[in-house]
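Required output: the full structure, derived from the provided sequences and hints.
So the number in the numbering used here is just where the residue sits in the sequence shown, counting from 1, plus 1030.
I should point out that these hints are in silico values taken from the structure, not numbers from a laboratory. There could be a bad hint or two in this list.
In silico BS3-like links for lysine-lysine, alpha-carbon gap of 27 Å or less [what the hints assert, rightly or not]: (1) Lys1333 - Lys1258; (2) Lys1333 - Lys1280; (3) Lys1246 - Lys1280; (4) Lys1280 - Lys1297; (5) Lys1118 - Lys1164; (6) Lys1258 - Lys1246; (7) Lys1321 - Lys1297; (8) Lys1394 - Lys1437; (9) Lys1323 - Lys1246; (10) Lys1280 - Lys1321; (11) Lys1321 - Lys1333; (12) Lys1323 - Lys1280; (13) Lys1394 - Lys1078; (14) Lys1323 - Lys1297; (15) Lys1333 - Lys1323; (16) Lys1297 - Lys1258; (17) Lys1297 - Lys1333; (18) Lys1380 - Lys1437; (19) Lys1394 - Lys1380; (20) Lys1280 - Lys1380; (21) Lys1246 - Lys1321; (22) Lys1394 - Lys1321; (23) Lys1070 - Lys1118; (24) Lys1246 - Lys1333; (25) Lys1246 - Lys1297; (26) Lys1321 - Lys1380; (27) Lys1078 - Lys1437.
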Amino acid sequence: MTTLLDRFLHYVSFDTQSRAHARQVPSTEGQWQLARALQKELTELGLKNVTLSEHCCVMATIPANVDYPTPVIGFISHVDTSPDFSGKHVNPQIVENYRGGDIALGIGEEILSPVMFPVLHQLIGHTLITTDGKTLLGADDKAGVAEIMTAVARLMQGDIAHGEIRIAFTPDEEVGRGTEHFDVAAFGADWAYTIDGSGLGEFQFENFNAASVTVKIVGNNVHPGTAKGVMVNALDLAMRFHAEVPATEKPQFTSGYEGFYHLHGIKGSVERAELSYIVRDFDRDSFETRKQKLIDIARRVGKGLNPDCYIDVTVEDSYYNMREIVEAHPHSIELALQAMRNCGVEPDVKPIRGGTDGAWLSFKGLPCPNVFTGGYNYHGKHEFASLDIMQKTVDVIVDIARLAAEKKS
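The following block contains the structure:
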């Protein structure tokens, strides 16, 4: 019998690191390899309508085993891992019955320490899965994939009453293209859950509104010895621009429902400079105000420049807060919270200070809140997962399916 741990260790062996700015979807070949393996496994488990799209989205159906109409629900995870850190040759370590203290990662000097990551204090006695300090682990989101697949195997045993259930695995979530080619109509669910959260009980149905802002500055470069009254230093203008961005409204100073401006790239010379920002806010009106503020700063800093010199601001919205969609379908929230309580898990409802495939899917017509996976410290060498919490996620998925069958259409 294939266990949850077996599945997880198998899935993280695939190098599915996505690549930003790639033209094709999926952005890397490794995602195809894992998608084909999942397609094969779903078929062998006996699911129906198992498909793999031209853009690497796996879909499948668990047929209903009740003879009355029920809502069709879905469970979704992504197969790619972050481009921020290597996902090649992942070599997981299993720490059974964690007793506290530092965990050596491999044979080098890297450690996983409760001093730096206090959440470890809450995981005494758990079986932890860590990296060897050389790669990320891939719990984001192969923990979710393994949990869905294990729940699928459980439901296919047929002893739990459930309606029709749809399963999907998507590519390129980490580079913001996971649902670009997702066929909501073909998926055919009334609502779904992304299994892509973190700590025990975490449940999310709201996320940031997000935009990317590019500030392009054109100056005028001449010899510094004869520059008076002629030179316009684009780098000076860039510094003046950023100095007007509210100093305390940056990621390192914000939490909870606080939005921010984040300068994540800067390049240039005297002639030309470019600033790259991301803008985030949970409230749509505040989000619009933040974007306008950057435009207003550009106008002030650029006022009086020679017509050949200018500051240009390009704003591109990335995604929106799914709360306005999901709250119109309260049953999707209530069902998950009840399933958690039934499984002995206290719900920890919080906003996502980031984005999710669920946000895109919600605005495409598929309400899609997010459920915990038991993974922590995503996107780096300190990533780890609790097998105990992962098993709780499996239990919650199964109970959501059971409860949905009690909610007759």
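To see whether the hints hold, each was checked on the structure:
The straight-line distance between the Cα atoms of Lys1333 and Lys1258 is roughly 19 Å, inside the 27 Å bound, and the hint therefore holds. Taking the CA atoms of Lys1333 and Lys1280, the gap is about 26 Å. The hint holds against a cut of 27 Å. As the CA atoms of Lys1246 and Lys1280 are separated by approximately 21 Å, the hinted pair is consistent with the 27 Å bound. Straight-line distance between C-alpha atoms of Lys1280 and Lys1297 comes to about 20 Å, which keeps the hinted pair within the 27 Å bound.
With a C-alpha separation of about 9 Å, the suggested pair Lys1118 and Lys1164 falls inside the 27 Å cut-off, and the hint holds. For the hint pairing Lys1258 with Lys1246, the CA-to-CA distance comes to about 23 Å; that is within 27 Å, so the pair holds. Between the alpha carbons of Lys1321 and Lys1297 the distance comes to roughly 21 Å, so the proposed pair stays at or under 27 Å and holds. Distance hint between Lys1394 and Lys1437 is fulfilled; the C-alpha atoms sit about 24 Å from each other, no more than 27 Å.
Our distance criterion of 27 Å between C-alpha atoms is met by Lys1323 and Lys1246, whose separation comes to about 16 Å. With a C-alpha separation of about 14 Å, the suggested pairing of Lys1280 with Lys1321 holds against the 27 Å cut-off. A C-alpha spacing of about 19 Å is found between Lys1321 and Lys1333, which places the hinted pair at or below 27 Å, so the restraint holds. Straight-line distance between C-alpha atoms of Lys1323 and Lys1280 comes to about 14 Å, which keeps the hinted pair within the 27 Å bound.
For the suggested pair Lys1394 and Lys1078, the alpha carbons sit about 24 Å apart, so the restraint of at most 27 Å is met. Proposed proximity of Lys1323 and Lys1297 is supported: the alpha carbons are some 22 Å apart, at most 27 Å. With a CA separation close to 15 Å, the supplied pair Lys1333 and Lys1323 stays within the 27 Å bound. As the CA atoms of Lys1297 and Lys1258 are separated by approximately 24 Å, the hinted pair is consistent with the 27 Å bound.
This hinted pair checks out: Lys1297 and Lys1333 have alpha carbons roughly 22 Å apart, not beyond 27 Å. Taking the CA atoms of Lys1380 and Lys1437, the gap is about 26 Å. The hint holds against a cut of 27 Å. The straight-line distance between the Cα atoms of Lys1394 and Lys1380 is roughly 23 Å, inside the 27 Å bound, and the hint therefore holds. The suggested pairing of Lys1280 with Lys1380 holds, with an alpha-carbon distance near 20 Å, which does not exceed 27 Å.
Restraint check: the Cα-Cα separation between Lys1246 and Lys1321 comes to about 15 Å, which is no more than 27 Å; the hinted pair holds. For the hint pairing Lys1394 with Lys1321, the CA-to-CA distance comes to about 24 Å; that is within 27 Å, so the pair holds. Under the criterion of a C-alpha separation no larger than 27 Å, the hint pairing Lys1070 with Lys1118 is consistent with the structure, at around 23 Å. With a C-alpha separation of about 15 Å, the suggested pair Lys1246 and Lys1333 falls inside the 27 Å cut-off, and the hint holds.
Our distance criterion of 27 Å between C-alpha atoms is met by Lys1246 and Lys1297, whose separation comes to about 10 Å. Of the pairs offered as hints, the one joining Lys1321 and Lys1380 holds, with about 25 Å between alpha carbons and a cut-off of 27 Å not exceeded. Distance check on the hinted pair: Lys1078 and Lys1437 sit about 23 Å apart at the alpha-carbon level, within 27 Å; holds.
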